[in-house]
Amino acid sequence: MSVLEQLHEWWPTLRYLLLGSFPQGPLGGAALTVAMSIVSALLSALAGLAGGIALAMTRGALHFLLVAVIGLFRAIPVLLLIFWTFFLMPMLLHIDVPGLACVICALALIGGAYLSHSVQAGLAAVGAAQQQAALSLGMTRWQALRYVQLPQGLRIMAPSFVNQWVTLIKDTSLAYIVGVPEFTFLATQVNNRLMVYPVQIFLFVAFVYLVLCSTLQWAVGRLLRKPRRIGSKGAALAARAVVEHRAARHDAGSA
Amino acid sequence: MGNWLEPKYTQLILHGFMTTLVLSVCAIVSSTALGFLLGLARHARRRAITRAAALYVLTFRNSPLLVQLLFWYFGAATLLPQAWMSWLNTPHPLAVGGLTFAWPSFEFVAGWVGLTCYATTFVGEEFRAGMQGVPRGQQQAAAALGLTPFATFRYVVLPQALRIALPPLAGQYMNIVKNSSLTMAIGLAELSYASRQVDTETFKTFQAFGAATVLYIATIAVLEAALLVVRRGGAYGRHGGAR
Chain A
-7 MSVLEQLHEW
3 WPTLRYLLLG
13 SFPQGPLGGA
23 ALTVAMSIVS
33 ALLSALAGLA
43 GGIALAMTRG
53 ALHFLLVAVI
63 GLFRAIPVLL
73 LIFWTFFLMP
83 MLLHIDVPGL
93 ACVICALALI
103 GGAYLSHSVQ
113 AGLAAVGAAQ
123 QQAALSLGMT
133 RWQALRYVQL
143 PQGLRIMAPS
153 FVNQWVTLIK
163 DTSLAYIVGV
173 PEFTFLATQV
183 NNRLMVYPVQ
193 IFLFVAFVYL
203 VLCSTLQWAV
213 GRLLRKPRRI
223 GSKGAALAAR
233 AVVEHRAARH
243 DAGSA
Chain B
371 MGNWLEPKYT
381 QLILHGFMTT
391 LVLSVCAIVS
401 STALGFLLGL
411 ARHARRRAIT
421 RAAALYVLTF
431 RNSPLLVQLL
441 FWYFGAATLL
451 PQAWMSWLNT
461 PHPLAVGGLT
471 FAWPSFEFVA
481 GWVGLTCYAT
491 TFVGEEFRAG
501 MQGVPRGQQQ
511 AAAALGLTPF
521 ATFRYVVLPQ
531 ALRIALPPLA
541 GQYMNIVKNS
551 SLTMAIGLAE
561 LSYASRQVDT
571 ETFKTFQAFG
581 AATVLYIATI
591 AVLEAALLVV
601 RRGGAYGRHG
611 GAR
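Protein sequence lines correspond, in order, to chains A and B. Using the working numbering, the letters of the first sequence map in sequence onto residues -7 to 247. Using the working numbering, the letters of the second sequence map in sequence onto residues 371 to 613.
Isolated chain A (complex conformation) (with noise of 0.2 Å):
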């Protein structure tokens, strides 16, 4: 048989696993893994920032519930969150919520835990100086926070998203447990049903997840290598309060 000959034999199945049914039914496959990647990776980023933020910025008993609550979701395995979340969320919102919206909200909640110490772990490696540097410029708290700490700290957190990222591209293949119809999901069918090329299968499929990692390794890779100037309004703000320092310095001196 001819290459062009099995590619044609192979096609229906290929496209059902990168697909799913999509033109006729949902999506699904390995474009639903990438949807749900892209999906949970920024809701997880929002969540991350928050938290780490929020960790930064508090302290005392507040600071103390704050850690717990982020050492819970981290000391619990992802599978058994999405139970949770797929038990629950239905209960608490009192509307039918489709496990896809589920696994998401448990990739979003481990993802940001996990982000929310880098981000705290950042913004305190930029440093106590920058922030009273800022501080006595005039800015307030969240100025500080908001144009001097978070650009430069998020060129310090950028390799702990990529390494969260990617870990979530992994993880969005434990929807399978609870039956979305994304890509290690469609394997097993695949497999259950043709029954005799699991070897090939999976490795079909780890292909397809490493390549997608190494993807956005190497995009953001590209991308954080070109040194761009941080945040041009941080700056612009910055040097104008330096320059009314210097003139009110200036007119305190000529006074």
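Derived by calculation from the structure, the hints in this document are not laboratory data. Every residue gets a Cβ at the ideal spot worked out from N, C-alpha and C, and that includes glycine. Be aware that one or more of the hints could be misleading.
[What the hints assert, rightly or not] Residues from chain B that keep clear of chain A, each with C-beta distances beyond 10 Å, as calculated:
1. Glu376
2. Leu404
3. Gln452
4. Leu458
5. Pro505
6. Thr522
7. Ala540
8. Lys548
9. Arg566
10. Thr572
11. Ala582
[Stated by the list, open to error] Residues on chain B that point at chain A, a partial pick, calculated with CB under 8 Å:
12. Leu425
13. Thr429
14. Asn432
15. Thr448
16. Asn459
17. Ser551
[To be verified] The following residues of chain A were derived to be distant from chain B, with all beta-carbon distances above 10 Å:
18. Ser(-6)
19. Leu(-4)
20. Val26
21. Ile68
22. Leu72
23. Ile148
24. Val158
25. Arg214
Given the coordinates of chain A, assemble chain B onto it according to the supplied hints.
Below, chain B without anything else, positioned relative to chain A:
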């Protein structure tokens, strides 16, 4: 406590917990041994060895553990010779000093192999980072004192590397415990599997998942505490060694 699970189901969950613990310990031991070798391989002088090690890390780190487990469970069964499979599937109980070890199921073996291959990449990277964290000057100083390369590695680099690598290693061991939950996908009756089974049989979802959650958190907490104890012991040991 009318709402609590019946003893039968508590038993089921505890049995699942034991399986989780045994699988985790097995995977921790084997991935530590292999990870140490991988860490060495990534520092090897021969380019071929470093390349191969890097390729191993790339492939096993960037594909999901679940897919790897499915591969070992479904794929390995067709790849291995028939004789090996039937040997694996017939029990060979091992009796050592009055203790009888049950022969592991194929699910257990596949889960162990899968977890080990996956975790080895992470453990190996921690070892590598630990060895990289030891300043070059230490090696040069040891060489200047007349230590052989092996003695330098054994008595100067390794102890410091282990101290650096210990906290992230403990983190990886916690990940192994959590990742062992994925073996439920290939039908190993560990903690997550048991809690889900209890959930479907009793509809006491809250209790079933709650019990599993508490047990996982307790295991992670014990590992965290063990890390603290070892680190403190290490600090005292260093004091003793300096004298």
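Just checking, A/Leu72 versus chain B, shortest CB gap more than 10 Å? Not fine: 6 Å to the nearest Cβ puts A/Leu72 too close to chain B.
Under 8 Å, Cβ to Cβ, is where B/Thr429 needs to be relative to chain A, so tell me if that hint holds or is violated. Given a least distance of 6 Å, the restraint on B/Thr429 holds.
In terms of Cβ atoms, is chain B entirely out of 10 Å range of A/Arg214? 17 Å, holds
Given a cut of 8 Å on the nearest C-beta pair, is the interface hint for B/Thr448 held or broken against chain A? With a closest approach of 6 Å, the B/Thr448 hint holds.
Separation of B/Thr522 from chain A, once the least beta-carbon distance is taken, above 10 Å: Per Cβ check, B/Thr522 is outside 10 Å of chain A; nearest 31 Å; holds.
Are all beta-carbon distances from B/Pro505 to chain A longer than 10 Å? Non-interface label on B/Pro505 holds, nearest chain A Cβ at 21 Å vs cutoff 10 Å.
May I ask you to check that B/Thr572 keeps its beta-carbon over 10 Å from the closest beta-carbon of chain A? 13 Å, holds
The output says B/Arg566 does not contact chain A. Does that hold with a beta carbon cutoff of 10 Å? About 7 Å separates B/Arg566 from the closest Cβ of chain A, which leaves it inside 10 Å; violated.
Once the closest CB in chain B is found, is it more than 10 Å from A/Val26? 14 Å, holds
Evaluate the condition: distance from the CB of B/Leu458 to the nearest CB of chain A exceeds 10 Å. Its Cβ never comes within 10 Å of chain A, the nearest being 17 Å, so this holds.
Take the shortest C-beta to C-beta distance between B/Asn432 and chain A; is it under 8 Å? Where the cut-off is 8 Å and the nearest Cβ of chain A is about 4 Å from B/Asn432, the hint holds.
Holds or violated: the hint that B/Ser551 contacts chain A, with Cβ atoms closer than 8 Å. 4 Å, holds
In this structure, the hints that do not hold are numbers 8, 9, 11, 12, 16, 21, 22, 24, in rising order.
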